[in-house]
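Number of protein chains: 2
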Amino acid sequence: MNPIEGHLQTRSPLHDILAPKGIAVVGASADPTKRGYKAMVGLIKGGYRGDIYPVNPKAELILGVKAWPSVSAIPGSPELALLCTPAATVPGLIAECGRRGVKGVVILASGFGETGPEGAALEREMMAKAEAHGVRIIGPNTSGIFNLHHNINLLALDNLKPGDIGIVSQSGNMLLSLALEAQHNGQVGFSTYIGPGNQSDIGFNDYLRYLGEDENTRVATLYVEGFRDGRKFLEVARDVTAMKPVVVYKSGSTEQGRQAASSHTGALAGSYQMTVDLLRQFGVSVVQYSDEILPVAEGLGLLQRAAGKRVAVIADGGGQATIASDRLAEAGLELAELSDTSRERLRAILLPQASTRNPVDVAGSSDSHPALLAECMRIVAEDDNVDSVLLVGMFGGYSLRFAESLLGDEMRGAEAMVDLSNATDKPLVIYSLYAPIKPPALRRLHEAGLPIYASIEHAVRVLAALGERGLYLAQQEKPLEQGASEPSMLPVPSMRAVFERARQEGRDLLEYEAKALLAEHGIEVPKEQVAINRSDLVAIADEFGEIPLAMKVVSRDILHKSDAGGVKLNLVGKAALAEAFDRIMASCHDYDPNAAIEGVLVTPMARKGVEVIIGVIRDPIFGPVLMFGLGGIFVEILEDVAFRSIPLTRYDADCMVEQLKAKKVLEGARGEAGVDKAALVDLLLKVSRIVQAYPQLSELDLNPVIAYPDGYAVVDARVIVEPGQSTTSP
Amino acid sequence: MNPIEGHLQTRSPLHDILAPKGIAVVGASADPTKRGYKAMVGLIKGGYRGDIYPVNPKAELILGVKAWPSVSAIPGSPELALLCTPAATVPGLIAECGRRGVKGVVILASGFGETGPEGAALEREMMAKAEAHGVRIIGPNTSGIFNLHHNINLLALDNLKPGDIGIVSQSGNMLLSLALEAQHNGQVGFSTYIGPGNQSDIGFNDYLRYLGEDENTRVATLYVEGFRDGRKFLEVARDVTAMKPVVVYKSGSTEQGRQAASSHTGALAGSYQMTVDLLRQFGVSVVQYSDEILPVAEGLGLLQRAAGKRVAVIADGGGQATIASDRLAEAGLELAELSDTSRERLRAILLPQASTRNPVDVAGSSDSHPALLAECMRIVAEDDNVDSVLLVGMFGGYSLRFAESLLGDEMRGAEAMVDLSNATDKPLVIYSLYAPIKPPALRRLHEAGLPIYASIEHAVRVLAALGERGLYLAQQEKPLEQGASEPSMLPVPSMRAVFERARQEGRDLLEYEAKALLAEHGIEVPKEQVAINRSDLVAIADEFGEIPLAMKVVSRDILHKSDAGGVKLNLVGKAALAEAFDRIMASCHDYDPNAAIEGVLVTPMARKGVEVIIGVIRDPIFGPVLMFGLGGIFVEILEDVAFRSIPLTRYDADCMVEQLKAKKVLEGARGEAGVDKAALVDLLLKVSRIVQAYPQLSELDLNPVIAYPDGYAVVDARVIVEPGQSTTSP
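Top line first, the protein sequences correspond to chains A and B.
Numbering of the first sequence is given in my numbering, commencing with residue 1 and proceeding in unit increments.
Numbering of the second sequence is given in my numbering, commencing with residue 1 and proceeding in unit increments.
If you're looking for bench data, these hints aren't it; they were derived computationally from the structure.
Some hints here could point you the wrong way.
No copy is singled out in the list; a pair is fine if it fits within one copy or between any two copies.
The calculated lysine-lysine pairs, modelled on DSS-like cross-linking and capped at a C-alpha distance of 25 Å, are [claimed, not checked]:
1. K45 to K438
2. K58 to K45
3. K561 to K608
4. K161 to K45
5. K161 to K438
All chains should be built: construct the whole structure from the sequences, respecting the hints.
Right under this line is the structure:
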């Protein structure tokens, strides 16, 4: 059973609100500096075909439309009302709207929860009215909405083109920036925009669900500063990414940025890397830079997904072929190794000085015959070793640069590329240095739905997103045993009792209890014995024999065992054990005279290997999250760790191990043998299932686990108990 | 004495060649598809005012200009000839040109060294003629040149605007791309472009020197795939960066890219990171992405350098303030901490909901008064804690977005920003989401020489480049003892003898000899003793006393001592020493029965500390280079190392230590004390001076050096001797 269940049950109520048959503009105005004027202009100029009800007690007509003195006075029942009036008027207006049959209101005013206790009280009053009258709220403190396929443009933004990119943005400036970029690009259009504002009622998760359902939206694009219910967001994202691409830009990637963000919205921004890992786990395309948002959304919307990461590059200049190769490698993509057949076919049509090894550099072959580039693209697209094709160079500009007489050939090349894009299931990504000029051949490609990029960097980001999406969807579509969650575990009564006892005693699990929990669920733990008295050591020594042993104090009161002198290592023989026992008792007593000491844990010294760490937290935003990383400085200094939402699939666990920058260490660096990755993957999956089975478990820390070429050793284990969580719950 | 000496001695001969009074176009043509036509059009349409001599035996007139049957037939003495004819004609034409007084030729033809042995022979023949006749060569295999301030445009590129950015690019497509980008930007113009081609005669270093001297060039911009004489390039770069900014984009940043590059030009691309470190050492502004070249060159050309890395951000939207903060942190810049006075002054003019903590978010305060942003910029520019100012948001678009009536106020704001930029010595970097639209206020800023960026990412790259350049120049301008090279060292006769002996014996220095070399020049090395016989150990044991000792074999034939069983650790007492001696002798004999074994080296075990590595190579491209990094996985897996050209200044050594990603480890991670950075800096400087003093030293490896809170221990030292290098040379 999978706790992230949330299928799209009912159709989102936002469809009615965002495609209303009538709109009331409360605070409509004839003063061009007012939002109540702008909104009216947006609706009228935008050609909104429903009823417009300007509400303004002081006007008869606004921009030629009959005005009404109040919402109550409106004759019809507009589904949507835009409130342009001050915060204090909002609760009363919502009640009035509700009585008039308004289903949703967009509230522009600020002055609510974001300003302090007084505003928060007003926000509560607003919400109470909304609930009482069945009115849904977008905002308050929102920049507004548009829905271009219904000619609704409450922001009155000029030059917006209807299209298939839906946007939710916590920053109004970001929306403006995307709109201007799209205008400039000339190709990209938008479906719906929503500024979520304070999200008092409707939040990110609902908006994403709406964009998922909206048939005019092909790509959902989100600018996010922080999530509230991150786990729910992941649920919705999983459903939506199965249907269409979801592009997220998350700000606050650095500590400095996080501080700036929290002073802005007060949102709990959380750890950037964790957020990104979890979003990607559920198929979201995360972009790193704000200027990548639109190029990536455009590419994901227009192009086929790639089956993998092997890219063939066709270039008409060696320099840009090199640059493309650099960027591909940085983005985690590979240069496809072309088959001998492909190279032969290329050689047959290219000049001798051309390089037919990927990146293919035609080296002048296309100077008087630009359509040759389309032939090259076809050859590599037909190669089974290739997942996607990148064209790099001056295509579209041959007739400008060399001779006008080339225009015909260049247009035939464009036509051939269009044909190829229809014939192949591999994406064709085109970078042209003539993109800003938009010559005829590029316009033709544009018209046929092939995006043209003006930056190699952006073209490569698109290829990476297409490859990641392809691999993600391929996993999702695999049969259950591979792609889906692992089978769940049932909690064991004896272990529930251990949790219950710990909870009653107000403590966490003792180390041996934690290890018993692991062992109970099939995780290999080192043999170990608890000695309560010094005299127990004789039998223990006999059992282990003459091998080096470690001894650790067992005490609910001593968290940092080493600091208390509670750990002795490399003990061989009975005498050494006895002496260590005495020393541990003495120094732990010195450390904390009141500590209750249960005894000591004796275990064989772990062999040398690669230190890894597995941690689990129940994140307030995202719920249970598993972290995996290499030990020591890798975690603490380099922050080279991977996060996944629990439960993990096998694919997730595989990816966690592969994702680490230092994975070369796992694979056997410096002449050492590599570790048993399969055993680690298995361990991660079992930990994930234990966390699911025991809601009493609040945090878990296996640190270190020593990984070997043949398995692993869990050297230390800590389990923190959820306070007050009863074990009798299922 | 500083081996990087190369001051600009004489004026570059390129000035005459690139600003000629007459130009011969050999292979001039009336066929629009030929380069010989394009070049004629470029000269005529470009308004070249000198004499044009088309050379074509079959034409009387070309494009209305009298043609000549051969170079010899030309009546005047053009300084420059463009050869558009095939490779085979080139040597003969050069001789003819030389006789006619031509100083330089631009050779477009390919088919020389880049194609194989036959072409290489032709290239040699060409060079012989050039030397015999005193003709300098640009190319062959070049895309051409332009010099817009002299109306010379041999590429016949349209829409080029004269300006102050000079370009040398190994990729013709890159030049085209920059030209189209500049055309689109509308503000940026170029001085000279040179395609270096095969660099058979004139190379990168000469072109950079020329751009440094050229008074029409304010910024030298280079696209480089690989260097030939990298050390000479660094010399020239040091001279040029003292006068004007030098921007370099180096391709081949990844292994994949390097492979692509070498199949393209056959240039030795070297390690990307080393190249970048060395370029930065000499003040070059290295950009990481090709689409940053023009924005950074524009910013460095127009704006003042920044005194440091503390940036004040003024934003009219919280989202973009956060994005800017993220990017600043990633670029190694800091958010300046504004003084209380500044924050008070800001509070006085902003709405209560504004954030006056950097990033300053005016939060609506400028909605009806955009000129307020200029006031905010002035306040933070006057703050001593601030080195540069970044404006982020929609300035320029207020009158478009809110109300036309704001245009006057917005223009006053632009005027105030222009005044501020003239009054302050701090750079003002402006990002506007309206940059692509170029509204009047932004056009005004543009006219006044303030660049406007359409991407936050690019704006931040410019700030980083301005800060780096400012810090670099400040160091250069410091008095000798701080900024300049450290005093040099003289070689010691006894050490020269050690090198000479090793050279004669065809071996490298033995470990104790290497350590003696270090000790001789003031580097602290652990006390150590060589035992030739087992009996020597008694006295050694007495001298060291009862502390743990390490023993290592001394043999010219055993490079990997551990592999040979030639290292024993943690030896305490005479018996242990004796036993270790026997074991080492036995296993080294087993390992290599023919190895000559000098004895063993006995030294105290090093205390635990932080492992670092210091290495020196004499790079074939860049000459002697010092590498510094943390030991073990940091070097081997993470490649977290810093490089500097020898000799190092103290500033260089400081920067090496600060530059490491893992420098937190040096500063005391995981509760450990930090190490003595000053001692490490001193060690780096001494190593640099030793390398200068001994040309016999080919490579050096101190691995590991253990760094402590109080000094360091050089645990192992290797010195490779330059074969055949006589010690009698100075």
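Hints versus structure:
no.: 1; hint: K45 to K438; in the structure: between (29 Å within a copy, 24 Å between copies)
no.: 2; hint: K58 to K45; in the structure: within (23 Å within a copy, 65 Å between copies)
no.: 3; hint: K561 to K608; in the structure: both (21 Å within a copy, 22 Å between copies)
no.: 4; hint: K161 to K45; in the structure: within (13 Å within a copy, 40 Å between copies)
no.: 5; hint: K161 to K438; in the structure: both (18 Å within a copy, 20 Å between copies)
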